[in-house]
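A.B. asks: Kindly generate the complete structure, drawing on both the sequences and the hints.
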Amino acid sequence: MKSLEDLKRIREQAQAQIRLRTQESNTKIIVGMGTCGIAAGARETLMAILDELAKRNIQDVVVTQTGCVGLCEYEPLVNVIKPGQPKITYMKVTPEKARQIIASHIVNDQVVNEWVLSTEEGA
Amino acid sequence: MAIVRANVLICAGSACVSSRAYEFKDALIEALKEAGIREEVNVVDTGCVGTCDLGPVAIVYPDGVFYVRLKPEDAKTIVNEHLLKGRVVNRLLYQEPMTKEVFPSLSEIDFVAKQRRIVLRNMGIINPESIEEYIAREGYQALATALTMTPEEVIDTVKRSGLRGRGGAGFPTGLKWELTRKASGSPKYVICNGDEGDPGAFMDRSILEGDPHSVIEGMMIAGYAVGASKGFFYVRAEYPLAIKRLEMALEQARSYGLIGENILGTGFSFDIELRRGSGAFVCGEETALIASIEGRRGEPRPRPPYPANRGLWDKPTVINNVETLANIAPIILNGAEWFSSIGTEKSKGTKVFALAGKVNNTGLIEVPFGTTLREIIFEVGGGIPGGKKFKAAQTGGPSGGCIPAEYLDLPLDYESLKQIGAIVGSGGLIIMDEDTCMVDVARFFLEFTQSESCGKCPPCRVGTRKMLDILERIINGEGEEGDIERLIELGNEIKQDSLCGLGQTAPNPVLSTIRFFRDEYEAHIKEKRCPAKSCRALIAYHVIPDKCKGCGICARICPVGAAQGKPREVHFIDKDLCIKCGDCFAKCPFGAIEKIDIFSQKS
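One line per chain: the protein sequences are A and B, in this order.
According to numbering that gives the first Met the number 0, the stretch in the first sequence is residues 0 to 122, in order.
According to numbering that gives the first Met the number 0, the stretch in the second sequence is residues 0 to 602, in order.
By construction, these hints were calculated from the structure, which means they are not laboratory data.
One thing to keep in mind: the hints can contain errors.
[Said to hold, decoys possible] What follows is a set of in silico ranges between Cβ atoms, one per label pair, in the way DEER data are often shown:
1) Ser254/B / Ala53/A: 53 to 59 Å
2) Ser2/A / Arg300/B: 40 to 46 Å
3) Glu344/B / Gln22/A: 33 to 39 Å
In this text, a Cβ means the ideal position worked out from N, Cα and C, and glycines have one as well.
C.D. replies: Here's what the structure looks like:
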């Protein structure tokens, strides 16, 4: 390391490594990962979400999982919570749908109405 | 390549490691492989989280879920439930000791929420063995910033911040730097005092183990400010993990060119060496420490001259404590005003305390100066176990004094503690409840300083021995009229006449307990009675006939056969055989065994 620029470069690279631990969570994506969800392909959906976020270099979104909520036939379920907006639950989210949800809902703030199972105020 | 979607940070401080944190880590990695998600989850070591009695602990990010008391067999559950299915494992969560409430995330529990973490900023977040992760958290940015300032500006910033030495005496750090900068002589040196020796204090060890780069960076800024190009770490050999991580960190910093010649192209050069201390308490005293680095016997010499003028090899030397140096980078990055806005009028910033003794959450905490003892014990510390009554807290270890219950609401800082005969010291904070005998506490600390006295000056060598003899007599029921006065007189003489800080502070625990608990001394001397029923020579164990059911547990566990009796008949304790270990008292399911004063009428 020879200069301030070098330090800055190393810092930016390393920040990616610890981002999961330090990010301020604004937007949350929660994937239903009960046995039912996993059977319906939730793991692939989850990985697609993470992959799409990484591709688009979106950093302020926290992706977590939750268990079975009793709506097994609609799995994989994906919740999107944006600050100050109702919680949107999407149903039967395939990896392809997941990528579209990110493009439309996360990036452009357009809820993909045709896949919405429920909308919950104040969540 | 799989995308990492979760990080599991496992506390790798000494306490968690000794409670088998690495076995849990191995099991976790194994379980992740079995579940086929090894590549999606990073498993990372991190510095001391502070909840040492709950160890091993781990934090799962991004949710920040905090798991405690982990056993290797819990690894599978966490992987299958939490990491695979997203279900938090409730039984492994932290439970608030007073309310029994369960909290999933680390940041929500009182122990953490009531703290203010500046020195411990990276604990539980970064891997101490990775310089990159330190750099990711603004690491070495403060050094880079300082190198664009003049040394005088750096000193001025530290002065205005109000930072004072965290090793015990509380000398203003900026002033110390200025004196060293202005002293004539060359070369100049920086020493980091990592010879932490107070019984119960382990903040310096934890900082070196958990965030070694923060101390290295602080030392380098100090070096730049005072005009030194060489620094020494003096760390006691009893801290193998701290030494290992520090060596690793020095190696990494060197390979990145952050230590060495022409750092960051600024022309500033600095090198650092690590020296091990062999565990003599007196080597925490700066002149003894310097002697030890020079290869001489670790003995203090009179001051002045101070190390700022005549230090290592008689050259101007600045000596700072580990925690002090860990404060430097945040001060440079956030400014003097930011730092001085935290704390009280004369004590700025935060203090790390090692919370120990009769308190639910023992461990490492960091709170702003001005926090009260009540907040520390009952909010951060989660109260006193078994609903017992708080009696006193010992601050500053063997150099400090006790704070009785009437001062629970006193805002703690350098001045307020000094006023009541205690000190902030290095930050050991031992909580004592009603079962603690204050005479015995004083004896414990004096026994420590007496055996650690280097022997160079008679007031300390002979005086502490004499005081200890008196205390031992008192505890054994052989105290005499006038003993208290003798202790006070001796104590004051030793404080005045000793050569170094060890002797000058050694009588403090005795003088302070006499000041606040003189009645306990008097009870021992005049009535041959220990009010806390703790001193073995003054108590006996006795079976209360009405409560004894004759279950025979006491007879079974008694190691010397003193507890006797036939099944289902009232038992008794043979006082000639009894060694007063207290096992029967602790284990009797009916509370039928009591402690009585030997010299009272009841027998």
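A.B. asks: What are the numbers of the hints the structure violates, in ascending order?
C.D. replies: 1
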